[in-house]
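Assemble the whole structure, with the sequences as input and the hints as a guide.
Okay, so the first sequence: first residue is 8 according to the working numbering, each after it adds one.
A few of these clues could be false.
[Said to hold, decoys possible] Here are the computed lysine to aspartate or glutamate pairs in the DMTMM-like style, where the Cα-Cα straight-line distance is at most 25 Å:
hint: 1; residue 1: Lys266; residue 2: Glu255
hint: 2; residue 1: Lys266; residue 2: Asp184
hint: 3; residue 1: Lys266; residue 2: Asp228
hint: 4; residue 1: Lys266; residue 2: Glu232
[Claimed, not checked] If you anchor each label on the Cβ, the simulated ranges turn out as follows:
hint: 5; residue 1: Ala151; residue 2: Arg272; range: 31 to 41 Å
hint: 6; residue 1: Leu145; residue 2: Thr66; range: 14 to 24 Å
hint: 7; residue 1: Glu268; residue 2: Glu109; range: 32 to 42 Å
Since the hints were made in silico from the structure, they are not lab data. Even for Gly, the Cβ is constructed at its ideal location relative to N, Cα and C.
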Amino acid sequence: MGGGTVTGGRPEGALPELPEVEITRRHLEAVLSGRVLESLSLTHERTARHNASPDEVMTRLQGRRVMAVGRRGKFLEITLDDGQTMVTHLGMSGRWAIDADETIPHTHFVARLDDGRTVSFIDPRTFGFVAVYDDEDLAGSGLARVGPDAWADPPDVDGLAQSLRGRTAPIKALLLDQTPIAGLGNIYADEVLFRAGIHPLTPGGSLDAVQLGSVLGSVQDVLAEAISNGGTTLDDLAYLLPDGNAGENMMSLDVYGRKGEPCPRCGSPISRIVVRSRSTHFCPTCQAGP
DNA sequence: AACGATCCCTGTTGGC
DNA sequence: TGCCAACAGGGATCGT
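Take a look at the structure:
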C-alpha cells in the first residue's frame, strides 16, 4: 500500500486522469444537478488558493443552484444559476465522495444540499482545489489554457498535426501538456504510446500522419477501456470512486508500473526512463527509439 | 515562443 | 526497531 511510491517495481497511489475525472463527473452530476448548495464548509486554505480565501468561496457558493456538471480535460466545471462556475481539480490525490463520513482525514470541503445529501472533497496532498469563478476569472484561469478534450472533443489528425508542428519536445511531454490534447496524465500517456508503438522520446513534431492517427486511435481505446473499468485504482486506500468503490483498470495497464516485466506483445522487459521529471514506461522493442 | 527546471505536499518506503 | 531521506506527480511559475 502507499501513495506514490514504488514497491517491487510497481508504483502505487492515485493518479486521477480523464477516466477517473469523468467517472467522478457522472457521480456528481447525478447528485448535484438541480440541487441548491445550502451550507458549505471549506477548511483548508490551499484548497481555496485560486480565490482570495476559503470564506470567499463559501460565500459565493452559498445558496446557488447547480445547473450542470461538465468536464474539460481533468478539470470539472460546475455551472451555477447565477452565471458563476465552480471549478475543481483532483490534483494528485483528490477525490469527491457522496454522503461520506465528514471526519475522514483530509476532508477539506463539504457541501450540504437542499435534499440533505452531502458531497465532500478529500485531498491529502492538496494538489487539488475548489474554486469559484465569474466569466472574467474563468478566462484567466488554468481551465482557459486547456486544449480540446481527449474524450469528448478530440482533435483530428490535421488538428493534432497543426498543434505539434515544429515541436521538438518529446511526445510524452506534449501528451502531458494538456494544450494539444487534454486529459491524459502519466499513466494513460504511457499506455497510449505503447499501443501506438511510438517511443516516448520521439520529438512531437516529427510524427507523421499515420503515427498521429495511431496516437489518436489509441487515446480512444485506452480511455474507453479505462472508463468502462471504472478507472484505475493502484492502491485500495487511495483513489476511490465517489461511491467508495475502487476502479478495476489496473489489470488492463500494459506498461505503466511494469518495469522489468515482459511486454504483453513481444515479451521484452519493459523499460523505465524519466521524461520531464515523470516516470515513463515503454517497450524498447515495440516502441523503437527515435 | 518553446522548453525545461523548480516548487508545492504528504504517505509510504527503503536504507542504514 | 526506528529514524529519515527519497519518491511519486499536475499544474503554476519562472528562467533561458
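Give me the numbers of the hints this structure contradicts, sorted from smallest to largest. Going through the list in order, the structure violates no hint and respects every one.
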